[in-house]
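Here the protein sequences come in this chain order: A and B. Mapping the first sequence onto our numbering, position 277 (from 1) lands on 277, and the numbers just tick up by one. With positions in the second sequence counted from 1, the corresponding number in our numbering is that position plus 426.
Source of the hints: derived by calculation from the structure; they are not laboratory data. Misleading hints may appear alongside valid ones.
What the hints assert, rightly or not - What the simulated footprint calls covered on chain B by chain A, stretch by stretch (three residues with Cβ under 8 angstroms from a Cβ of chain A suffice, anywhere in the stretch; the number is not a length):
| no. | stretch |
| --- | --- |
| 1 | 461-469 |
| 2 | 486-495 |
| 3 | 518-524 |
| 4 | 548-556 |
Beta carbons are placed, not taken as given, at the ideal position from N, Cα and C, and that holds for glycine.
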Amino acid sequence: MHYSKNKIALVDCNSFYVSCERLFDPSIIKKPVIVLSSNDGCVISRSTEAKALDIKMGEPYFKVEKIVKKNNVKVFSSNYSLYGDISRRVMKTLKQFSPQIEIYSIDEAFLDLSSIKNEDLFDYSNKIRKTVLKWTGIPTSIGIAATKTLSKAANHVAKKEKSGIVNLINSKQIDEILSKININDVWGVGRQLTKFYIKNGINTAYQLKNTHNGWIKKNTNVFGSRTAMELKGISCTSLEIYQEKRKNCCISRSFGRKVTKLEELSASITTHCLNAAEKIRSDNQTTKRMTVFIRTSPFQKNKNFYANSKDVDLPIGTNDSIELVKQALVALRYIYRKGHKYQKAGIILSKLNDINIYKKNLFSSINSEEKRKKLMKAIDCTNIKYGRHALSIAQAGLRKKWNIKKQYSSKIDTACFDLLPTIKVA
Amino acid sequence: MKLLLPFHLSKVGAGFPSPATDYVKDDIDLNACLIKNAPSTFLIRVQGKSMNSIGIHEGDLLVVDRSLNPKNFSTVIANVNEELVVKTFIKEKDQPFLTSGSNKTKDKINLTESSEIFVWGVVTYTIHALQ
């Protein structure tokens with residue numbers, strides 16, 4: 001085991017969704033802005049000014065509505081097609097600075113900067129930040145360190161630095177900085193692990209770094225041990241430069257209003273199935289397990305909370321919309337209980353595999369399978385050409401009530417001719 | 427954002443095939459000509475009045491490259507009074523300012539480093555439909 005000599009930079013976009021909304025609307029620069037999750041449920045992105053108003057990440061919108069009204073906070077529904085396009089632009093820009101890049105999420109990427117001399121790292125990072133800001137309009141923070149976990153920690157601190165950059169390579173401040181990072185903010189330490197560590201007196205990243213590895217190995221799992229090793233500067237995870245295909249696909253929505261009838265839930269589940277099947281088809285994948293779940297609102301007072309799910313193991317890997325809908329509706333009937341006001345329904349496709357991995361089932365008829373494949377292809381092509389849901393299954397219902405509530409959407413899409421940003425000539 | 431125009435060299439017919447067919451590689455791609463730097467290039471639609479003096483009309487598509495620095499008399503997108511607008515960038519005795527395309531000095535807007543007025547991007551092409 002040896003200390004890593006890598007130089008890994010984590011570039012993270014600041015308040016990414018808010019920054020995207022600000023790009024074409026300068027009137028909201030320096031003002032409190034928040035972006036809500038799908039269906040206008042929870043707060044998922046906040047400007048610095050909104051954070052200062054004590055609006056918390058992940059809080060349901062109805063809980064912050066008062067603060068929003070009082071302080072004139074600008075609210076946006078999430079506009080994922082815009083964020084996706086801006087994200088692609090940011091990542092493309094970053095690629096110019098290092099071909100060794102792992103796109104970690106819509107607004108974060110790890111860059112391998114090992115070829116840059118340590119004394120040049122700060123200037124180089126500064127150039128990255130300036131270029132991304134100029135080209136795409138998105139402000140970023142950069143943390144640099146010898147391992148991914150440490151660069152995450154460095155980034156956490158960089159967000160509060162004026163320069164937006166923290167370099168922990170050969171830094172004498174590593175321990176000082178790690179002792180300021182709460183254990184729950186350490187990359188890879190989830191809610192359960194946080195509870196466990198705090199119970200054992202480990203409250204900061206620094207304390208975890210100095211915990212004996214034998215104890216961590218014995219009491220957590222391989223991931224817990226990895227995180228601690230990485231904090232010590234020993235690299236356990238390399239950059240995943242090639243994008244892995246998704247391992248599961250989950251689609252769920254909260255309803256805009258409470259839903260009680262089985263027919264309504266069926267329509268919602270059907271819509272989710274169609275979307276999920278389309279997603280995995282576009283990745284050339286099939287699924288062997290589908291989970292259908294429904295639940296009532298956990299915020300209802302004096303009402304019985306009901307949540308249930310049902311797994312369906314499919315005999316042959318499939319991505320056939322019709323087959324999946326059929327199975328999902330059987331599963332739904334199995335978990336549906338009358339008398340509840342449902343708030344959310346969804347499906348998860350798991351055990352995803354590349355097409356052709358699963359062999360044919362003894363009972364499958366090759367002929368009908370080929371026909372179905374052609375039908376799915378025709379559906380996908382039609383929907384690409386004429387817009388989503390141009391061709392659907394009648395069970396999904398004709399009025400798309402399930403599709404996302406987007407009351408406050410900016411309705412701009414930089415990658416769609418019909419929704420381009422507009423400008424006045426003055 | 428792909429704009430692909432098929433590039434037909436000859437009609438499909440029963441006669442002698444066009445000797446140029448072997449040289450056709452791909453459809454011609456307008457992007458290659460209009461977009462020099464894809465991540466920094468945005469398409470923006472013009473709304474409202476026209477700016478006839480510099481050939482910008484309502485409904486036109488502006489190709490805007492944020493990576494470029496404006497040169498003297500560049501057409502730019504700028505943030506003025508919390509709104510994005512089309513302006514002409516002019517540099518006079520090292521002092522940069524924005525105008526509305528006319529030579530009148532009364533609509534000069536000074537560009538200073540610290541101010542809330544800044545250049546958003548440089549317009550490199552306008553795409554204007556004639557029909």
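Just pull the numbers of the violated hints for me, sorted ascending. 3 and 4
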